[in-house]
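Starting from the known structure of chain G, fit chain U onto it as the hints suggest.
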Amino acid sequence: MTENELKTEERRLPRVKPATDIIEKEDGFYIFVDMPGVSKESLIIDLNEDELKVSGKAEYSLPEGQKLGHVEFGGGEYFRSFTVSHIVDKDRIKATLKDGVLELHLPRLEKVQPRKIEIQAG
Amino acid sequence: MVIDLSPFYGATTPIDRLFESLWPSMAISQRSVAYPPINIGEDDENLYVRCEIPGMDIADLDLTLTDSSLVIKGERKPVQGKYYRQERPTGVFQRIINIQAAIDRDAVGATMRDGLLEVVLPKSDESKPKKISIEAV
Chain G
39 MTENELKTEE RRLPRVKPAT DIIEKEDGFY IFVDMPGVSK ESLIIDLNED ELKVSGKAEY
99 SLPEGQKLGH VEFGGGEYFR SFTVSHIVDK DRIKATLKDG VLELHLPRLE KVQPRKIEIQ
159 AG
Chain U
0 MVIDLSPFYG ATTPIDRLFE SLWPSMAISQ RSVAYPPINI GEDDENLYVR CEIPGMDIAD
60 LDLTLTDSSL VIKGERKPVQ GKYYRQERPT GVFQRIINIQ AAIDRDAVGA TMRDGLLEVV
120 LPKSDESKPK KISIEAV
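Residue numbers (this note's numbering), protein chains in the order written: chain G, 39 to 160; chain U, 0 to 136.
Bear in mind the hints are in silico, worked out from the structure with no lab data behind them. There's no promise every hint is true.
[As the list claims (entries may be wrong)] With the C-beta cut set under 10 Å, the calculated list includes, among others, these residues of chain G facing chain U:
#, residue
1, Phe70
2, Val71
3, Glu102
4, Glu110
5, Gly112
6, Glu115
7, Phe117
8, Thr121
9, Val139
10, Pro152
11, Ile155
Using N, Cα and C, we set each Cβ at its ideal position, and we do this for glycine too.
Just chain G, same shape as in the assembly (with noise of 0.2 Å):
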């Protein structure tokens, strides 16, 4: 190995899996992921058919002359998939990050809402 490939060996960030809350609501599913550290720019939002792939990369460079005393977390690259299910209108998925959380709102397709089925007396 060259001292080149090592260097970037060293800096290769932890990969860490997300915390996330998956939640129903009237108007469908919301999915929260918790990615402090990540810009809009570095969020990457992928969906493969029935895959949703979500990643992004959280770096804290140092700046110049600054030493850390007390380190608690680190930098790292931020990996979740998620399977879709069929009743998701995967066209009309919303993606917002704010505050370094990512919200991910999946509706329900239109047919699929939830019908209340009279019941006759025969």
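Structure of chain U alone, referenced to chain G:
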């Protein structure tokens, strides 16, 4: 005020931490690891306290600077709905960071970006390192 000196509350053994990592509690108050995680940096001019608090608005965070400490307080509120999976912790949190150096209290600033809070505490003149020139006699 709660005494918070280390990232771990009370006595934790490696076994406790193993259980904690396998079955973490969703309530911040029941976790044995302090929340939020903080990094403390320093250069010649300032002290830097950074912490990862995703999903918090800076207006909902309460930062207090006392004589010898910086207190970070807030609450992560849960979203209303039917939960299929919950991994993001919720609840009230507080962290106290002891500061020994003299701080220019009026010039302290805080910024929030992508869920990362950074508090910059400028050192007051008397706590800055000074070069002493040696004169030849």
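Do the hints match the structure? See the list:
{"no.": "1", "hint": "Phe70", "in the structure": "6 Å, holds"}
{"no.": "2", "hint": "Val71", "in the structure": "8 Å, holds"}
{"no.": "3", "hint": "Glu102", "in the structure": "9 Å, holds"}
{"no.": "4", "hint": "Glu110", "in the structure": "4 Å, holds"}
{"no.": "5", "hint": "Gly112", "in the structure": "8 Å, holds"}
{"no.": "6", "hint": "Glu115", "in the structure": "15 Å, violated"}
{"no.": "7", "hint": "Phe117", "in the structure": "14 Å, violated"}
{"no.": "8", "hint": "Thr121", "in the structure": "12 Å, violated"}
{"no.": "9", "hint": "Val139", "in the structure": "4 Å, holds"}
{"no.": "10", "hint": "Pro152", "in the structure": "13 Å, violated"}
{"no.": "11", "hint": "Ile155", "in the structure": "21 Å, violated"}
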